[in-house]
Amino acid sequence: MKYEISYHSDTETMGSRAQSVICDKVMAGLPQLLDDLQKLSEDNDTADIVFVLGPAEERVYAHRIILMARCKSFQNTKRGEICRIPGCTVSTSAPGTPTPIRLPHIEPDIFRQLILYVYTAKIMLQDSKVFEMMTLAQDMGVDELKIACEDHVGKTMSVANACTFLTAVMEIQEKASEKQPAENPPKMSSFKGSKVQKVMVQPINLIFRYLQNRSRVQVWLYENTFLRIEGHIVGFDEYMNLVLDEAEEYNIKKQNRRAKCAAPFLEKCITYIAENASECVKTNSFLNLTKEGLIQVISYDNLGLEEEDVWRCVLAWAKNQAGVTQPTAHWTEEERGRVCLYLAPVISHVRLFLIDSQVFAEEVEPTGAVPIELSLERYRRAALHSNKLPTAAATAVPAPASGPLTENDKRLQPRLMLNLFHGSTILKNDKIHFQGTLNGWYGAAKQTWRLVYRASTNGFAASAFHRHCDGVAPLFIIALNSNGAISGGFTDVAFAKTHRKGGYLHSEKAFLFALNYGNEPPTKFDILKKPYAICYHPNCGPIFGAGADLLISDNCNVNTESYSNFPHSYDGPNAMFGHLFGDYNFSITDYEVFTLAPSAAPVGSKVKHERYP
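0 is the number of the first residue of the sequence shown in numbering that gives the first Met the number 0; add one for each residue after it.
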């Protein structure tokens, strides 16, 4: 960071303006200042606030003047209030001693990190605790820390930590759900003629809250001692009921607010895991998911896995939870029992009816985790959909006692969309369905693709495109312009130097496409002039057609030299000028290039995929 300072030269005449210079030396005292502030945060002797944290009542000291400068919860107070932290209880203290602020729901280690940030603006965010820190920052009114936590999640989410983030955000939501009351619970104060105090019948957390409110109770007792009749203070039971009702209601609101703060990230975590499922399920953080977290993932309709792989990752999770490392064939009965114990509550979320018959027989059934009724139903449905068995033989397999499954059963519905273009930042979220469209045009519905080049990552220069993509085929080139239009092209031949005039290369299968032009459905434009399908030029990015029908320029993100003279060598339904990117010239904000994933089978190969809907 640099500061601007002003000074007067000895040779300047009176009235001349001070010269402005940039000097790094003014920062020389900043490290020492931060060290001194950190020491102040650890100085208990001069502190005038003490936070009493958690059930163990651990103490963290602070200075009110620092908190007032940095935390909105200490700024937006009424006269006589110390702070407005949700869920806190402020007690009176003797003169010269720190004022206690009780926060029984706050984890001490998290709070110490926040206090250090308040004093020094330094913090080391942990993936597993970032949502706790986010909600604490919200409660304390440290807005910049809350934003930093949100940025941390958004910018650092990766295959390695996505499941850790999911576990953390679900812990917050689980704590909130535990605090939800039953529908229209009767308040103790509503019982006519009853002197039963709520503290005698409520769980320990309410008794603890009663102790938190003892200062209020003492004030009430002092003000109402004249109401004492036969050793009993008239109205005390009713008063305590109101105190505890209020405390319980406030705590529920506080937990709901914390859950609401983290809620948007739950969908982000699950979506990221679904889009990168094949990598995420191999991580230790996936194997350490809670049961509820695993169910959230495998219940997601857009999970980017074949159902056979969903089963395999669920089995790997159960084995890890049970501490079993041996393959199924080598399990002891005791190991089998442990694994099945973990599989039992989650197996219903695996769509077993969509699993290949051979995989089901060789990998699923031997675990012993599938209920016999479910196995019988699966074989019954398999027989009904087999062309090899007559209907009479098929119906000989009995239906389960509960009756056959209906066609609307979720276990019979295929996943809505696999993530086929791994790593794409253009075809994701609400654009992910376009992946299936491209594969349909390619001719293989479940073909997977590998990212070869992304301009925003590898560079927008034409040389960067050629360095990564020359000699590679087939290729899908997917481009996004500044107006949000997504168009591009496919070629089955590689971009490469050629001795042909103009650098043109012949292709039988190349095509252009527009995925979201106006209100038009996704449209494919086939090659008409096949000798001019693509063109190699070292100073340009990809070129399609002799028009050129599509040319992406060098450094296409900072100029409008990219253009589309379409239709020319390519044509198709309703083809018109501007059909690809809305105008003749345009700027490309990003484009990606994909080729076949290494493990993908070539188009036309015979792969056995039996499905019984």
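Be careful, since some hints might not be right.
Said to hold, decoys possible - Computed cross-link-like contacts, PhoX-like style, restricted to lysine-lysine with a CA-CA straight-line distance of at most 25 Å: (1) K38 x K77; (2) K128 x K154; (3) K267 x K128; (4) K529 x K496; (5) K38 x K267; (6) K508 x K529; (7) K496 x K445; (8) K528 x K496; (9) K154 x K427; (10) K528 x K508; (11) K267 x K154; (12) K267 x K281; (13) K528 x K427; (14) K445 x K427; (15) K445 x K281; (16) K128 x K290; (17) K528 x K430; (18) K528 x K445; (19) K508 x K281; (20) K121 x K77; (21) K281 x K523; (22) K145 x K121; (23) K71 x K145; (24) K523 x K508; (25) K430 x K445.
To be verified - Label-pair ranges, simulated between beta-carbon atoms: (26) H505 x G439: 20 to 26 Å; (27) Q325 x L32: 54 to 60 Å; (28) S298 x N75: 38 to 44 Å; (29) D525 x A159: 40 to 46 Å; (30) P530 x T324: 55 to 61 Å; (31) N538 x I109: 51 to 57 Å; (32) N75 x T324: 22 to 28 Å; (33) R449 x L39: 49 to 55 Å.
Derived by calculation from the structure, the hints in this document are not laboratory data. For glycine and all other residues, C-beta sits at the position ideal for the given N, C-alpha and C.
Hint check:
no. : hint                    : result
1   : K38 x K77               : 31 Å, violated
2   : K128 x K154             : 16 Å, holds
3   : K267 x K128             : 17 Å, holds
4   : K529 x K496             : 18 Å, holds
5   : K38 x K267              : 39 Å, violated
6   : K508 x K529             : 9 Å, holds
7   : K496 x K445             : 32 Å, violated
8   : K528 x K496             : 20 Å, holds
9   : K154 x K427             : 16 Å, holds
10  : K528 x K508             : 11 Å, holds
11  : K267 x K154             : 12 Å, holds
12  : K267 x K281             : 19 Å, holds
13  : K528 x K427             : 33 Å, violated
14  : K445 x K427             : 16 Å, holds
15  : K445 x K281             : 21 Å, holds
16  : K128 x K290             : 19 Å, holds
17  : K528 x K430             : 31 Å, violated
18  : K528 x K445             : 30 Å, violated
19  : K508 x K281             : 36 Å, violated
20  : K121 x K77              : 30 Å, violated
21  : K281 x K523             : 37 Å, violated
22  : K145 x K121             : 13 Å, holds
23  : K71 x K145              : 12 Å, holds
24  : K523 x K508             : 12 Å, holds
25  : K430 x K445             : 17 Å, holds
26  : H505 x G439: 20 to 26 Å : 25 Å, holds
27  : Q325 x L32: 54 to 60 Å  : 59 Å, holds
28  : S298 x N75: 38 to 44 Å  : 42 Å, holds
29  : D525 x A159: 40 to 46 Å : 42 Å, holds
30  : P530 x T324: 55 to 61 Å : 59 Å, holds
31  : N538 x I109: 51 to 57 Å : 55 Å, holds
32  : N75 x T324: 22 to 28 Å  : 56 Å, violated
33  : R449 x L39: 49 to 55 Å  : 54 Å, holds
Against the hints set out earlier in the document, violations occur for numbers 1, 5, 7, 13, 17, 18, 19, 20, 21, 32.
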